[in-house]
Amino acid sequence: MPKINFLKPDKSNLNTFLYLGSFLFFIGVLDVFLNSFFSLNLTGFLPGFLSYFLPLILGFVGLYFIRIELSGIKQLDQLNKHINTNNFNAILSLLIIFIIIKSIPPILSWFFVDASFAGDSKDVCTGTGACWTYIKVWMRRFMYGMYPNGEQWRINLSFIALALLGSVGYFATDKFKKYLTLYYVVIYPFIAFLFIFFFISGGPVFFDFSYGIIAAILSIIIGFFIPSKFKFYYFLIVPFTLYVLLKYFIFYEELIELGKLDGLNWVETGAWGGLSLTFIISFFCLIFCFPIGMAFALGRRSGFPLIRYISIGFIEFWRGVPLITVLFMSAVMFPMFLPADFFIDKLVRCIIAISLFEAAYVAEVIRGGLQALPRGQYEAAKSLGMGYWRMHIFVILPQALKLVIPGIANTFLALVKDTPLIFVVGLLEIVGMLNLAKTNPEWLGFAMEGYVFAAIIFWIICYAMSKYSYNLEQKYKTDR
Amino acid sequence: MTVIAVVLVFGFFTYNAQVNMENRGIDFGYGFLSQESSFDVQFSLIEYDGSHSYFRAYLVGLLNTILVSVIGIIIATILGVIVGIARLSPNYLINKFAAFYVEFFRNIPLLLQIFFWYFAALRALPLPQDAEAMFGIAFLTIKGLYVPAFIWQNFNIFFYSIVAAIIAIIVIRYQAKKLQETQGKQTPVLLISIGLIFILPLISFLIGGVRLSFEVPVLKQLATTSFIYEGGVSLPPELIALALSLSLYTATFIAECVRAGIQGIGKGQKEAAASIGLTPNQVLKLVVMPQALRIIIPPTTNQYLNLTKNSSLAAAIAYPDLVLVFAGTALMQTGKAIEIVSITMFTYLSLSIAISLFMNWYNNKIAIQEK
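As given, the protein sequences belong to chains A and B, one line each in that order.
Per our numbering: the first sequence = residues 25 to 504.
Per our numbering: the second sequence = residues 63 to 433.
Everything hinted at is true.
Derived Cβ-Cβ restraints for the label pairs, each shown as a range:
| no. | chain 1 | residue 1 | chain 2 | residue 2 | range |
| --- | --- | --- | --- | --- | --- |
| 1 | B | GLN395 | A | LYS501 | 52 to 62 Å |
| 2 | B | ILE256 | A | ALA488 | 43 to 53 Å |
| 3 | A | MET170 | B | ASN426 | 51 to 61 Å |
| 4 | B | VAL81 | A | GLY236 | 24 to 34 Å |
| 5 | A | GLY450 | B | GLN395 | 11 to 21 Å |
| 6 | A | ILE81 | B | ASN343 | 26 to 36 Å |
| 7 | B | LYS239 | A | LEU119 | 37 to 47 Å |
| 8 | A | ILE238 | B | ASN85 | 31 to 41 Å |
| 9 | A | TYR76 | B | SER412 | 49 to 59 Å |
| 10 | A | ALA404 | B | TYR424 | 30 to 40 Å |
| 11 | A | PRO129 | B | ILE228 | 47 to 57 Å |
Partner residues are not named here, just some residues of chain A that face chain B (Cβ under 10 Å, in silico):
| no. | residue |
| --- | --- |
| 12 | ILE121 |
| 13 | LEU330 |
| 14 | VAL350 |
| 15 | PRO363 |
| 16 | VAL440 |
| 17 | PHE447 |
| 18 | TYR475 |
25 Å max Cα-Cα, derived BS3-like pairs, lysine-lysine:
| no. | chain 1 | residue 1 | chain 2 | residue 2 |
| --- | --- | --- | --- | --- |
| 19 | B | LYS158 | A | LYS126 |
| 20 | A | LYS105 | B | LYS158 |
| 21 | A | LYS105 | B | LYS332 |
| 22 | B | LYS158 | A | LYS491 |
Keep in mind that the hints were calculated from the coordinates and are not lab data.
Using N, Cα and C, we set each Cβ at its ideal position, and we do this for glycine too.
Turn these sequences into a full structure, and let the hints steer you where they fit.
The following block contains the structure:
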């Protein structure tokens with residue numbers, strides 16, 4: 025048997041080193057494992073300090089022994105390459121393995137083993153684990169806020185309907201594909217607004233806004249039959265006339281009284297809340313901030329100095345201030361600038377403020393995409409005789425937007441993560457509801473469960489969004 | 063056309079504001095800043111109580127905002143760089159661990175994290191009387207972190223010694239560079255620098271008459287069940303929760319910037335550097351990092367700005383920052399919405415512009431000098 029140099033493991037004594045090293049490593053891991061899962065201390069007889077570090081030392085020596093280059097054993101080579109390249113890496117790997125082993129039992133016991141799921145009162149929560157009963161009891165509040173229990177089907181119905189209408193794009197045939205943009209940019213937001221207004225809020229069926237929509241749709245349909253010579257004047261005059269006619273002559277007061285749907289009670293926006301409010305706010309801000317941001321991105325590159333400076337001022341202002349002060353402004357300062365008898369709902373003010381704020385970020389992202397396009401694209405489009413709008417709509421924006429998908433996704437993610445800030449104006453979405461529930465005298469002391477619950481929900485939403493944006497990016501990636 | 067529209071819109075808003083203020087009996091003006099504020103602030107870096115002016119309250123809030131931003135930026139940068147480099151590690155476990163950290167912390171709203179640390183995690187800390195000492199000198203309790211205060215004698219001499227050490231290091235670095243350029247000799251600059259920065263202050267202790275003593279916080283009983291620590295420096299739990307969550311959250315973004323920066327350097331650069339005989343450390347220091355920094359700095363600046371702006375979330379856990387002290391309490395008391403909100407926004411705007419100007423200057427300094 026050749027002499028073995030223990031300070032320098034090499035291939036000639038492969039088996040000796042392999043068995044010795046694996047054994048030491050295994051002992052080290054086993055010690056930590058027993059200690060953390062069964063509270064056994066194998067090395068208790070050693071002095072405290074040594075006992076504490078022994079697994080690390082054993083594991084380190086073990087890994088040192090099995091660090092043999094080109095051993096010929098595939099698994100060993102893989103292992104060395106991935107977690108055991110040098111002494112420093114070996115120690116870090118060991119530490120991470122030990123941290124994982126150490127942290128599994130307390131997390132498991134808090135989440136599942138010692139947690140209480142059953143029951144519907146605080147009395148069942150006597151264990152050391154989490155009290156999921158608390159979440160169960162407060163679930164409706166976390167999801168719907170102060171919305172009356174009996175009316176919550178309205179929120180569910182609206183969300184399901186909107187989700188179905190939103191997925192139309194997946195089932196559209198090629199023939200309708202070219203109308204999809206129009207659908208998503210113009211029609212879908214309108215439908216969404218109507219759903220929210222009629223169902224969730226329970227607003228009157230006949231109101232100024234619906235006259236406007238009816239007038240617009242009617243005039244567009246009739247507009248198809250008007251010769252193009254008169255179209256401009258037609259659209260200048262007819263929609264407004266129709267609106268006035270509808271409002272003051274056709275649907276007069278008695279008819280409005282008759283036409284009111286009885287079933288839906290008015291639920292004011294102050295009572296909305298929970299996760300559904302998070303969705304509503306994110307949805308509308310997402311829809312509004314994109315076109316506004318695009319307009320300002322184009323404005324910042326406009327040839328007119330005034331438009332350019334207004335755009336720069338707008339973008340830099342919103343980007344320079346925190347959202348919380350913007351919401352403060354919308355709550356206390358904005359009403360001062362409006363006529364005294366003019367009242368805008370709290371939620372609407374909030375949505376406007378967040379949309380403008382995020383629009384500035386979207387504008388900068390889109391500007392990045394516009395700047396990344398080579399000059400040749402602009403010149404080629406112009407040489408084909410395209411005007412400013414045609415050039416941007418058909419040539420520049422499709423390419424620029426494709427480039428900035430990750431940036432826009434990040435902005436939208438930031439938007440979703442910013443929605444809890446609306447607590448400033450007194451609207452309580454899920455985090456706000458958690459803070460409210462936490463102060464309920466019957467349910468004191470379960471803050472941790474609530475925050476973990478909300479964190480999981482937000483994490484799933486944001487992670488799904490980021491993965492989706494990654495897929496989108498891959499899908500629209502074109503070789504340039 | 064556009065000009066007229068803009069003027070009309072502004073005129074409309076101004077007119078409305080005037081009418082509204084007349085109706086409510088408020089007059090416009092910044093005179094209230096010198097009035098007595100008559101409210102108290104929990105935690106302030108400068109001397110402040112109710113008898114001071116609103117302007118003083120504004121300063122207190124501003125300083126608290128800057129304090130938490132600076133702490134957050136420092137911790138977030140250190141953590142972010144470590145995690146960013148760890149994500150590029152060939153070690154599978156480290157790599158995944160860093161990735162897990164980044165994905166976990168950046169997908170949870172910051173406000174939720176602040177609430178979690180403040181209301182859930184820090185509330186689980188022991189009461190002052192039950193707290194165990196960390197290293198025998200610091201106490202982490204539910205009422206905050208108590209650390210010893212430094213008490214200096216002849217602090218200015220110590221300060222001068224550090225300044226002298228820094229000047230000496232700069233001179234030596236300059237000389238070493240010159241020496242290397244002219245004669246090709248290398249000097250162990252790092253060792254000399256470390257030596258200088260330790261030895262010069264040490265000398266000031268030995269012969270300069272500098273004395274340093276610690277004031278360790280001591281437990282004091284106020285009532286039968288109420289205890290408090292006296293002496294030392296106390297950091298309120300609001301500050302700890304805020305700084306912790308801000309830096310943990312921002313560090314994930316900085317880590318991604320660092321990773322993108324280092325990945326942005328072509329493999330050829332590293333290979334070329336290795337082929338002319340540079341050691342791996344030299345490759346990182348002389349070739350990769352100078353180029354990577356150019357990619358890293360602009361997005362990192364944005365993250366610093368975000369951190370500063372996000373520090374305004376302090377209002378949610380009652381850390382007395384600018385928003386809480388000024389746009390909260392002072393606004394409630396005076397009712398001067400337009401003035402106070404505009405001052406607050408203008409302050410944040412100036413802070414943002416200051417940080418971005420500084421980082422632009424730094425970015426220009428390290429940018430490629432194109433001929």
